[in-house]
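Protein chains: 2
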Amino acid sequence: MVYINDNFTRLPETYLFSEIAKRVQAFKNEHPEAQIIRMGIGDVTLPLPKTVIEAMHKAVDEMATGATFKGYGPEQGYSFLIDKIIEHDYKALGVELATNEVFVSDGAKSDTGNIGDILSKDNIIAVTDPVYPVYIDTNVMGGRAGELLTNGKWSNIVYLPCTAENGFIPSLPTEKVSVVYLCFPNNPTGTTLTKSQLKEWVDYAIANKVLLLFDAAYEAFITEKDVPHSIYEIEGAKQVAIEFRSYSKTAGFTGTRCSYTVVPKECKGYLKTGESVSMNPLWNRRQTTKFNGTPYIIQRGAEAIYTEEGKKEVQDMINHYMENARIIRTSLQQAGYETYGGINAPYIWLKVPKGYTSWSFFDKLLTEKHIVTTPGVGFGPSGEGYIRLTAFGSKTQTIEAMTRITS
Amino acid sequence: MVYINDNFTRLPETYLFSEIAKRVQAFKNEHPEAQIIRMGIGDVTLPLPKTVIEAMHKAVDEMATGATFKGYGPEQGYSFLIDKIIEHDYKALGVELATNEVFVSDGAKSDTGNIGDILSKDNIIAVTDPVYPVYIDTNVMGGRAGELLTNGKWSNIVYLPCTAENGFIPSLPTEKVSVVYLCFPNNPTGTTLTKSQLKEWVDYAIANKVLLLFDAAYEAFITEKDVPHSIYEIEGAKQVAIEFRSYSKTAGFTGTRCSYTVVPKECKGYLKTGESVSMNPLWNRRQTTKFNGTPYIIQRGAEAIYTEEGKKEVQDMINHYMENARIIRTSLQQAGYETYGGINAPYIWLKVPKGYTSWSFFDKLLTEKHIVTTPGVGFGPSGEGYIRLTAFGSKTQTIEAMTRITS
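As they're listed, the protein sequences go chains A and B.
Using my numbering, read the first sequence as starting at 1 and increasing by one per residue.
Using my numbering, read the second sequence as starting at 1001 and increasing by one per residue.
The shape of chain A in the complex, shown without the other chains (with noise of 0.2 Å):
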């Protein structure tokens, strides 16, 4: 008889988007004129940038003949974007990484669900809370979850609160963990930690030997200095993180599929017996069995984003979100709401008025002002009180979704 993993059945239905959607239609169906924007979703609106156009057309075209068709290529990635990847993320920053220290692959998503894999089912996991819902989803799979509780919390999973009251900045667990997941610059809360504050964690995980998933997916968006792009511009981090990028919203890869995972040979992984283990040929041994590689194609297409032109035309797309934040983060305060994030991520954090909670407010916005945003509480129970709202549309629809909240 075939039994199922039956930490699948703990799951409960994504219930967030699907009630988003659900409340969006019942609006939409009672008032059909209604000029909906929406500022829920973490998708981006500009196409691709050129040069990355005209590398995907070059790629396409050298697969069409049998002198420079591609197949299988190296599963971890093609040299040729990883040591670019290497060079301008990294070398750039004064850290320094060894080809196979990078593994290139499909998506931030995918890399952060699937390190699991090389870890062991009894790690004590710990997640920032409000929280991306796939670091709980895949441990809950993975069975390091436990029950779920009727506080919206996972017995098992260690919760560090992130909220105005602390700053938005998580406090070491006083209990022991395994593993933290930290996202930074944060989705949801599109918060950050300076270079002093990720220190702690660097320096907190090395004497307690715990693993730190370092999620950078949004580090394009940083503008001011103190915040750290890599963890590995910490001291000692190599020895304790690994580290995921996405080209999803840096250059518009949401539906492009291309990121990447740093695994440094000098972070470790322990046995029971206490002996060490070194991570990276445990995550180079899941990738060869377990995947085959991105697209031939597609890796061209973002090892464009490193030309100068690329880098230039990236700068723009991100400037025009960031300018869209601006708007929404400036507009927001002015008409006296409390906000966060905004500043070195794509996300702005709002802090709901008194008397209100992240679902009514949602409702409020919803039919009042027509626009669909995010409840705080849909990425965890710390996440209650606010909503989110994003900066991925297009300036004339974020002036005006401002215009209508404000006046």
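These are computed hints drawn from the structure, not numbers from a lab.
Beta carbons: idealized from backbone N, C-alpha and C, even for Gly.
Nothing false has been slipped in among the hints.
Simulated pairs of lysine-lysine, PhoX-like, Cα-Cα distance not exceeding 25 Å:
1) A:LYS70 / B:LYS1311
2) A:LYS50 / B:LYS1070
3) B:LYS1050 / B:LYS1084
4) B:LYS1070 / A:LYS22
5) A:LYS369 / A:LYS28
6) A:LYS70 / B:LYS1312
7) A:LYS369 / A:LYS354
8) B:LYS1058 / A:LYS58
Residues from chain B that face chain A, not an exhaustive set, calculated with beta carbons under 7 Å:
9) MET1063
10) THR1065
11) GLY1113
12) ILE1298
Position chain B relative to chain A; hints supplied.
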């Protein structure tokens, strides 16, 4: 302290292809003038069909302007592709599937590896022997393999020998098993099951609540009428089988990356209580949580294969490879060798002459004929005494190789 998944430490180094590379390199160092022909690797060499190239150029252009730009797509794949799959690959066989029973992904290697996510660690796994190593290695990682024995087998895996003695038809397991991997047309032997032979497996699976993981990556190479292209041609198979398909070999997508997996809603797994659970929502949850879809551009390329022109081009490619297979098969047979496969698959499985092992015959062909093959024992204990030749080279090189072997 962070603990690693210690199952990874049980995996031996991947020995086969590195050992081949080492021996080839050693020979080249001593004989730099030798014109080596590689018939060992299962990678395609013909460029992508023209219709695929055109479709991908068009899709790249769509990504270049805001009006047609595509961000996040459905994790399960676009319906434009899924609808074509259902119509051309299944309806044509008399098999009805719903849109949400087909999951587009980046490779059969990913899906045959990741399918373990939805299965309990406690299942007993059976594989045909010789076997595609990914089935074994991913179950080692998942903790289902036990210990590696000195005979090359894993203590908890049930091996079903496929050799000339049983006509490469695996016997039904005599012990209790939960999951059986079946790959037909088979890699590495190139052999197939007829409909009635496959029906025995489906009937057995239904009677014993066993899950069949049916890898049909080579179905496009089938030329004989009585060989099923899909396991769902067999009555009742939807209750017990998940089917994996790939464009890699069919349409030259080894470097382009697209495949799909069919998980019928009728297909059931069980909780420890004996309660049955549909596999379809489990795989849907796995894919939506740990995967963000195949690139839009690539899915448009795959869709083009289903046009009249695309079908013709793909058939021409397959005919090219199968003509190579015919040349290899008939040349070797005329020279007195015993061969299998090569009729419904691009692989020829050669029984080495008396007195040789897989490796010693590999060495003989390398040093005397300057031809690289794959020793059968690398695919499992029952592969000893065989070597695998692939039909993916050029016709000229294939003919030259056969002239060398038979002269």
